[in-house]
Amino acid sequence: MSAIVDIHPHIISDDEQRYPPAPLFGKRSDWSREGANTVETLIAAMDEAGVRKAAVVHSSTTYGFDNSYVADACAAYPDRLVAVGSVDMLAPDAGDTIRMWHARGLAGLRIFTGGSTRDFDPKELEDPRAFAAWEVLAELGLPMAIQTGPVGLPQVRMLAEKFASVPIILDHLARPDVLDGPPYANAADLFALADLPNIYLKLTPRIFGDVKKGDASAETFFPRVAEAFGANRMAWGSNFPNSPGTLSEILMTALAGLALLSESEREWVFGKTAQHLYPALAG
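Residues 1 to 283, numbered by the numbering used here, are exactly what the sequence shown covers, in order.
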């Protein structure tokens with residue numbers, strides 16, 4: 001397999017004076033308070049696991065909309081890392097803010113509508129005040145990752161249709177319910193997005209755990225996803241260090257879960273899709 005790329009690790013600085021926590025929604029995530037996972041820690045974990053490059057996702061539940069640490073940290077390792085940040089898409093100056101962070105090296109953005117610190121609220125996704133900022137994403141050629149659950153998928157469809165040139169990456173596959181097993185009728189709202197060519201799926205430890213529960217299985221679910229979306233719209237993300245285990249263990253679980261895919265499909269999931277979404281990771 002070619003060089004492995006991770007599109008969902010996080011980093012936390014050990015210098016809270018230089019990079020003070022200011023979590024989105026006012027509540028810091030438990031995992032980010034348990035100890036720093038600096039960029040140096042991430043690079044060491046990547047070297048141990050055999051992960052060549054990564055798109056590092058800013059921790060909104062630590063730093064809110066201040067992308068300083070992820071931007072500075074990734075700039076220190078330009079041959080290994082790119083930064084994915086977050087801005088207030090509803091702010092009047094959101095477009096200018098996106099341009100500023102892009103100039104500081106951000107290769108993509110992410111909207112955190114909920115998760116570890118609050119329930120999902122998709123209202124931000126459909127708010128017309130954000131549409132000008134989405135136009136800037138299209139202008140700059142930046143992908144947008146969206147963290148939501150099934151409740152937000154109607155809004156995701158609207159955005160994908162309205163901004164067809166912007167790649168939209170669903171964090172954790174938008175957390176589908178797969179416990180009913182094949183044909184995975186409970187995840188029909190996810191599979192219904194397959195007709196939108198700018199929708200991409202981020203496969204993280206959450207889904208690799210869920211397919212071991214109920215009537216689900218990796219052997220029946222992942223080939224179904226690859227058939228519907230194509231492996232060229234699927235990418236692996238570790239969620240390290242938020243998810244349990246070392247980066248090596250997280251990667252091994254993902255490789256085992258996707259063992260039934262073809263070698264070509266695994267090449268896309270573990271590298272080529274990431275390099276398409278974040279061209280600076282290619283080469």
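No lab work stands behind these hints: they were computed from the structure.
No experiment lies behind these values; they were computed from the predicted model shown.
Note that beta-carbon positions come from the ideal geometry of N, C-alpha and C, so glycine has one too.
Please note: incorrect hints may appear among the correct ones.
What the hints assert, rightly or not - Quick list of simulated restraints, FRET-style, between CB atoms: (1) Ala75 / Gln17: 17 to 25 Å; (2) Asp14 / Ala164: 39 to 47 Å; (3) Ala259 / Asp215: 38 to 46 Å; (4) Glu126 / Arg18: 19 to 27 Å; (5) Gly209 / Pro78: 46 to 54 Å; (6) Ala228 / Ala259: 18 to 26 Å; (7) Gly214 / Leu140: 35 to 43 Å.
Said to hold, decoys possible - Derived pair list, reagent style DSBU-like, types lysine-lysine, alpha-carbon separation capped at 35 Å: (8) Lys272 / Lys213; (9) Lys27 / Lys162; (10) Lys162 / Lys123; (11) Lys27 / Lys213.
Evaluated hints:
no., hint, result
1, Ala75 / Gln17: 17 to 25 Å, "holds (20 Å)"
2, Asp14 / Ala164: 39 to 47 Å, "holds (42 Å)"
3, Ala259 / Asp215: 38 to 46 Å, "violated (20 Å)"
4, Glu126 / Arg18: 19 to 27 Å, "violated (37 Å)"
5, Gly209 / Pro78: 46 to 54 Å, "violated (33 Å)"
6, Ala228 / Ala259: 18 to 26 Å, "holds (19 Å)"
7, Gly214 / Leu140: 35 to 43 Å, "holds (42 Å)"
8, Lys272 / Lys213, "holds (29 Å)"
9, Lys27 / Lys162, "holds (32 Å)"
10, Lys162 / Lys123, "holds (16 Å)"
11, Lys27 / Lys213, "holds (30 Å)"
Consistency note: the structure conflicts with the earlier hints numbered 3, 4 and 5.
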